[in-house]
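Model the full structure from these sequences, guided by the hints.
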Amino acid sequence: MTTLLERQTPAASVGYPTAPALVRDWAQRMPDRVAMREKDFGIWQEITWSENWESILDAAHGLLAVGVRPGDRVSIHSEDRPEWVILDLATVAVRAITVGLYPTNPAAEVEYLLSDSGSAIHLVEDQEQADKVMEVIDRLPGLRMIIHVEPRGFRQWDGDDRFIFWDDFLELGRSHRAADPGAVERVMAEAMPDDVITLVYTSGTTGPPKGAMLTNSNFSFCVDQVVNSEGRMGQSTMLRKARGPNPDDIILTYLPLCHVAERIFSTWTSVACGVTLNFAESIETVQTNLREIQPTIFFSVPRIWEKIHATIAIKGRDGTFFKRLWFALGMRIAAVIGAQRVANDGDHTVVSRILHAIGYPLVFRALKERIGMRRVRFAATGAAPIAPEVIRDLIGIGIPLYELYGMTENSAVATANRPGRNKVGTVGEPYQGIGFRIDPDTGEIQTKHAGVFKGYWNKPDKTAEAFTEDGWLKTGDVGVWVDGTHVKIIDRIKDIIVTSGGKNVSPSEIENSLKTSPYVKEAMVIGDGRNYLTALIAIELDVVGDWATRHGIPYTTYRDLTEKPEVIELIQSVVNRTNEKFARVENIRKFRLIPKELDHEDGELTATQKLKRNAMSRMFGDLIESMYRS
Amino acid sequence: MRGRPLLHTAYVSDQALLNTMTKKVVVGLFVVILALIPFGVVPGIGFLADADWLRLLATVCIFAIGGLGLNILTGLAGQISLGHAFFMGLGAYTAAWLGSSPGAVVGLGLPIWIWLPAAGIVAALVGVAVGPTAVRVRGLYLAFVTLGLVFVGEYLFRRLVTVTGGSQSGRTFPSFEVRLWKEEEPLISFVADGPWFGFDLTAEAKTFYFLLVLTVLFVVLAKNLQRTRVGRAFQSIRDRDIAAEIMGVEEGRYKLIAFGISSFYAGVAGALFASFVGRMIPEVWSLFLSVQFIAIVLIGGAGVVSGTLLGAAFVTILPRLVQDFTAWLSDYVQTGEGLFVWLADIFISTGVGDWGLVNTQAGVAPGLSVAQLNQVLYGLLIIAFLIFEPLGLYGIWLRIRNYWKGWPFTY
Chain G
52 MTTLLERQTP AASVGYPTAP ALVRDWAQRM PDRVAMREKD FGIWQEITWS ENWESILDAA
112 HGLLAVGVRP GDRVSIHSED RPEWVILDLA TVAVRAITVG LYPTNPAAEV EYLLSDSGSA
172 IHLVEDQEQA DKVMEVIDRL PGLRMIIHVE PRGFRQWDGD DRFIFWDDFL ELGRSHRAAD
232 PGAVERVMAE AMPDDVITLV YTSGTTGPPK GAMLTNSNFS FCVDQVVNSE GRMGQSTMLR
292 KARGPNPDDI ILTYLPLCHV AERIFSTWTS VACGVTLNFA ESIETVQTNL REIQPTIFFS
352 VPRIWEKIHA TIAIKGRDGT FFKRLWFALG MRIAAVIGAQ RVANDGDHTV VSRILHAIGY
412 PLVFRALKER IGMRRVRFAA TGAAPIAPEV IRDLIGIGIP LYELYGMTEN SAVATANRPG
472 RNKVGTVGEP YQGIGFRIDP DTGEIQTKHA GVFKGYWNKP DKTAEAFTED GWLKTGDVGV
532 WVDGTHVKII DRIKDIIVTS GGKNVSPSEI ENSLKTSPYV KEAMVIGDGR NYLTALIAIE
592 LDVVGDWATR HGIPYTTYRD LTEKPEVIEL IQSVVNRTNE KFARVENIRK FRLIPKELDH
652 EDGELTATQK LKRNAMSRMF GDLIESMYRS
Chain X
43 MRGRPLLHTA YVSDQALLNT MTKKVVVGLF VVILALIPFG VVPGIGFLAD ADWLRLLATV
103 CIFAIGGLGL NILTGLAGQI SLGHAFFMGL GAYTAAWLGS SPGAVVGLGL PIWIWLPAAG
163 IVAALVGVAV GPTAVRVRGL YLAFVTLGLV FVGEYLFRRL VTVTGGSQSG RTFPSFEVRL
223 WKEEEPLISF VADGPWFGFD LTAEAKTFYF LLVLTVLFVV LAKNLQRTRV GRAFQSIRDR
283 DIAAEIMGVE EGRYKLIAFG ISSFYAGVAG ALFASFVGRM IPEVWSLFLS VQFIAIVLIG
343 GAGVVSGTLL GAAFVTILPR LVQDFTAWLS DYVQTGEGLF VWLADIFIST GVGDWGLVNT
403 QAGVAPGLSV AQLNQVLYGL LIIAFLIFEP LGLYGIWLRI RNYWKGWPFT Y
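Chain order of the listed sequences is G and X.
Going by my numbering, the first sequence runs without a break in its numbering and finishes at 681.
Going by my numbering, the second sequence runs without a break in its numbering and finishes at 453.
Estimated spans, in silico, between C-beta atoms of each pair:
1) X:R271 with G:F216: 23 to 33 Å
2) X:K265 with G:N627: 52 to 62 Å
3) G:N627 with X:T64: 43 to 53 Å
To give an idea of the interface, some chain X residues facing chain G are shown, with a C-beta separation under 8 Å as derived from the structure:
4) R46
5) L48
6) L49
7) H50
8) T51
9) A52
10) D56
11) F451
12) T452
Just so you have them, the derived chain X footprint on chain G, three or more residues with Cβ under 8 Å:
13) 84-96
14) 337-345
15) 366-378
16) 414-426
Simulated from the structure, these hints should not be mistaken for laboratory data.
Note that CB positions come from ideal geometry on N, CA and C, so glycine has one too.
Below is the structure:
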């Protein structure tokens with residue numbers, strides 16, 4: 052295995068192989084191949100590697116022109132789009148630090164993130180994001196300049212010289228470049244492995260978000276381990292050699308780029324392996340964009356996989372008679388294939404191979420085409436726990452789906468399932484040669500390797516808390532070994548429920564089982580210090596609404612729908628099915644439907660759509676208490 | 043990107059007429075088969091090489107061109123018109139005036155490259171002149187205005203004997219011969235037997251090829267129109283004229299353009315039709331001809347080019363099939379036996395004293411003639427299509443296609 056560092060021996064004049072330096076290499080090696088695509092005015096506009104590199108250079112010169120020095124922070128508040136990646140890489144090129152914000156972050160969080168990071172330059176996508184920062188700009192003395200990508204809606208700030216339009220910013224960079232052509236490359240050559248390249252703010256299910264500092268060497272280590280290690284994306288057979296990610300691969304970028312997972316699977320994979328990035332128009336159009344792009348590598352979070360899983364089930368049942376029959380047959384075949392492959396570490400057995408050969412032309416090919424997975428050769432899930440049923444069913448129709456595990460603080464380098472050694476229900480094996488251990492006393496997973504972060508930005512006390520005395524990173528997750536090789540995550544340490552009977556229960560397992568039902572969007576199991584377990588359940592409005600319409604149940608609002616006895620009965624049947632799978636003490640005795648749609652802005656969810664348990668307990672305290680009143 | 047038909051990186055591929063490999067192959071094969079028909083080598087449809095079938099296919103081509111014109115006006119721009127026959131007549135007599143050699147009726151003896159485009163242009167100009175009425179009236183009222191046009195036209199054609207030859211004898215029309223100017227020997231003749239590039243071809247085959255090439259040309263033009271700014275304006279007016287105007291589509295202007303283009307097609311089709319038949323009386327350009335074109339558009343599928351082609355083939359070939367069928371049936375009634383003969387006998391009347399719905403020997407026994415049966419069938423078909431399949435023959439195809447397009451889901 053050659054690592055990124057060995058592959059590109061850093062000559063003294065070239066410097067460390069940072070992400071922008073890799074783009075420069077691609078621009079020289081294959082200037083006319085497509086680096087990025089973005090759908091605009093109905094067609095996918097292409098950006099080649101050389102255009103990409105030119106834009107990065109212009110933007111980097113622009114940053115130098117406005118006085119950005121190594122170590123300064125540049126923040127980006129935008130949906131995924133080429134400008135995100137270009138400014139990110141330009142920032143790294145001038146040895147400054149990128150801070151990504153979630154597009155859903157409200158003004159108060161924008162204020163916190165910008166003042167905590169001390170951002171000097173801020174990029175906003177459009178007027179919506181500009182409004183947020185302008186609301187709090189008086190309390191951000193360090194902020195020098197706001198770049199906006201969309202020109203519309205900015206007339207109100209005409210003459211405000213803090214604002215600059217993206218094109219003007221690049222123009223500024225071009226004139227700086229004309230005056231001092233080698234300035235950016237001189238700074239790039241000085242890059243050190245220890246340079247912080249980005250602050251990734253943790254989602255903050257408990258306290259305020261903390262900015263994890265990732266460095267150039269974290270980036271290299273992560274790329275070598277997670278993306279580019281041998282056998283990572285397929286097994287070599289006698290007929291075909293498995294290839295790692297390469298310029299023929301295509302990725303759809305749609306999860307927030309400020310999250311470490313999307314950064315790894317989009318930006319970092321692209322610059323390290325020359326993969327083409329395609330930017331989805333928005334989260335609502337992901338389904339359509341998937342069909343158009345048909346990516347070859349696809350990473351997603353459980354929420355999306357659950358949605359795909361539910362879509363297949365619902366649409367398949369909602370057909371004409373013959374199609375329904377045909378589809379049911381296909382799903383029967385898929386179930387057998389799924390079970391066979393799960394039992395065989397993810398590999399085909401003779402039976403599953405034969406069944407796949409039958410099912411592929413009948414159903415799977417068209418089905419995968421419809422959901423945009425026809426050409427996927429490596430699919431991964433991570434960032435949150437997923438129910439094994441979902442993985443099994445998707446493997447059954449032929450999507451090679453692997454669960455990964457990692458966190459921001461170790462650059463997502465911890466464990467992964469690999470082709471041929473895929474144990475569904477576990478998060479896989481630790482990467483080779485990394486420090487990985489499960490603390491015998493607490494069961495906590497701990498890691499120690501070159502991917503472990505430098506610390507939290509401006510929070511030495513929090514950084515100290517994150518490490519053990521002998522310098523291992525504490526992940527906060529409880530895990531156990533399966534068969535001595537694979538790791539199964541039980542839950543977050545702080546989430547584990549201890550009932551008043553003294554029994555330890557992992558809520559996430561039960562919650563994920565509930566969430567396999569298409570009717571359930573979110574579930575939160577409660578029972579810490581209580582006699583029995585209960586649950587708060589949020590329903591999926593579209594699916595339950597559709598179900599109600601079909602059963603002739605009239606409803607007006609979300610709240611009205613959650614109060615219908617028929618709907619409660621429907622969810623009760625989902626709960627009952629989950630209860631059958633678990634031991635008596637882990638059964639949910641009572642549940643309540645949450646009367647409102649959960650939302651990031653209302654504080655129930657984090658920006659990554661994870662439940663904030665404390666906030667939930669506070670907000671729906673009455674509902675919870677009502678379940679424990681006898 | 044290979045293997046990703048939905049990934050368009052340029053408008054050229056996004057808006058391509060033949061946007062999938064399958065369409066390219068199918069259309070290519072179809073054109074090749076059409077080109078091979080006169081040789082009678084295509085298995086299964088070799089009989090189409092017969093002279094009378096080739097004449098029928100030539101008629102299909104002419105009706106397709108005329109149908110495309112009405113389809114642009116009615117199907118695309120949503121303006122109902124019963125006046126199509128009038129514009130065809132205009133085209134025909136323009137062609138006759140310019141193209142025929144002088145004789146009992148007027149004629150200038152100009153070559154085809156003048157009279158054929160001129161037929162279209164004159165019709166288009168009159169269409170644009172009539173257009174303003176369409177801007178003021180819509181729907182049923184427009185139908186009546188254009189209906190009036192047909193009657194005015196028929197009257198004029200009957201009275202202008204010097205041009206049209208009058209109802210008694212009618213007049214002859216120029217034939218499909220290409221001359222540079224007024225020389226004796228035509229450069230290319232589509233109406234005489236003889237070898238072409240080493241192939242011995244009949245006059246029917248040559249006429250068929252000539253009309254086939256013209257049809258392909260007009261199909262491409264009509265297809266192309268749909269994806270232009272003008273075509274999109276037509277469709278917006280069709281779907282909701284007020285909304286279209288609010289979006290900045292000039293209703294009046296585009297209605298004029300629609301009438302102009304539609305009339306151009308009609309004029310060319312009229313000239314071709316008259317020239318193909320050879321001699322015609324003015325009564326041909328009557329309401330019945332207009333109705334036939336409405337049938338083509340509605341049965342084929344309003345607003346769809348391939349539907350119009352299907353409709354033209356259907357409407358033109360149906361009478362022939364009905365005729366063959368009744369002839370075969372009448373034979374069968376006289377020679378066969380059994381229950382089916384008894385059923386067939388109820389349907390058909392073969393001679394004096396035999397009662398039946400259809401009469402194969404006109405005037406001898408009561409019952410509809412074959413021509414009358416055809417008219418009844420048109421009427422029934424239009425009613426049936428409007429009720430059960432408003433998108434016409436094309437709609438049936440659409441349904442089949444969508445069933446497979448959604449596979450394995452329904453939507």
